[in-house]
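**Student:** Working from the sequences, and respecting the hints, build out all of it.
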Amino acid sequence: MVELLPALEGFISTAKAMASFDAFRRNRKGDARALIEELKANSRLCFRVISDGVSPETVIPHFGTTEFDRLNKAGFNFNLLQRNRIPHFPGIEKTDLASWTDKTTEALIVNIYDKIKNVQSIHQFASGHASIRRRIINIHKRILLLLRHAE
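The sequence shown begins at 811 in the numbering used here and counts up one residue at a time.
No wet-lab data here; the hints were simulated from the structure.
Certain hints may be false.
Said to hold, decoys possible - In silico DSS-like links for lysine-lysine, alpha-carbon gap of 25 angstroms or less:
hint: 1; residue 1: Lys913; residue 2: Lys883
hint: 2; residue 1: Lys913; residue 2: Lys927
hint: 3; residue 1: Lys913; residue 2: Lys925
hint: 4; residue 1: Lys913; residue 2: Lys850
hint: 5; residue 1: Lys925; residue 2: Lys883
hint: 6; residue 1: Lys850; residue 2: Lys883
hint: 7; residue 1: Lys883; residue 2: Lys927
hint: 8; residue 1: Lys925; residue 2: Lys904
hint: 9; residue 1: Lys927; residue 2: Lys850
hint: 10; residue 1: Lys925; residue 2: Lys850
**Tutor:** Structural data, given as structure tokens:
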């Protein structure tokens, strides 16, 4: 299992993360709800690679960006998912997620999808790239940070 920072430890198991996504989605409607469902599906795929040992090459084609692309094209305000900036979570300062403190929800969501598209591109044109698993872990840490931020 991936070593995650203390701020995200409550979301380490698949079941806990999926329950948190359900709680996150509960008070949302329409476009926001669709995006949360897509993020949930992408998180589940990350768990398959990280926890279950599924090959990244098997998972990558199943990552979804359809809802994000549709909403981004329409000018959707991703900050509607969580209006507050990302707070300083205990333990985050010594991790690769430290730079996300005080950034917007929109910046994090756009970055998550940018990373997903980058992994898909690498998979398509440079299959077997050595750092694919590490990139999926980084995507997943960002998704879990978003989930923690949305609590």
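**Student:** Which hints from the list above does the structure break, by number from lowest to highest?
**Tutor:** none
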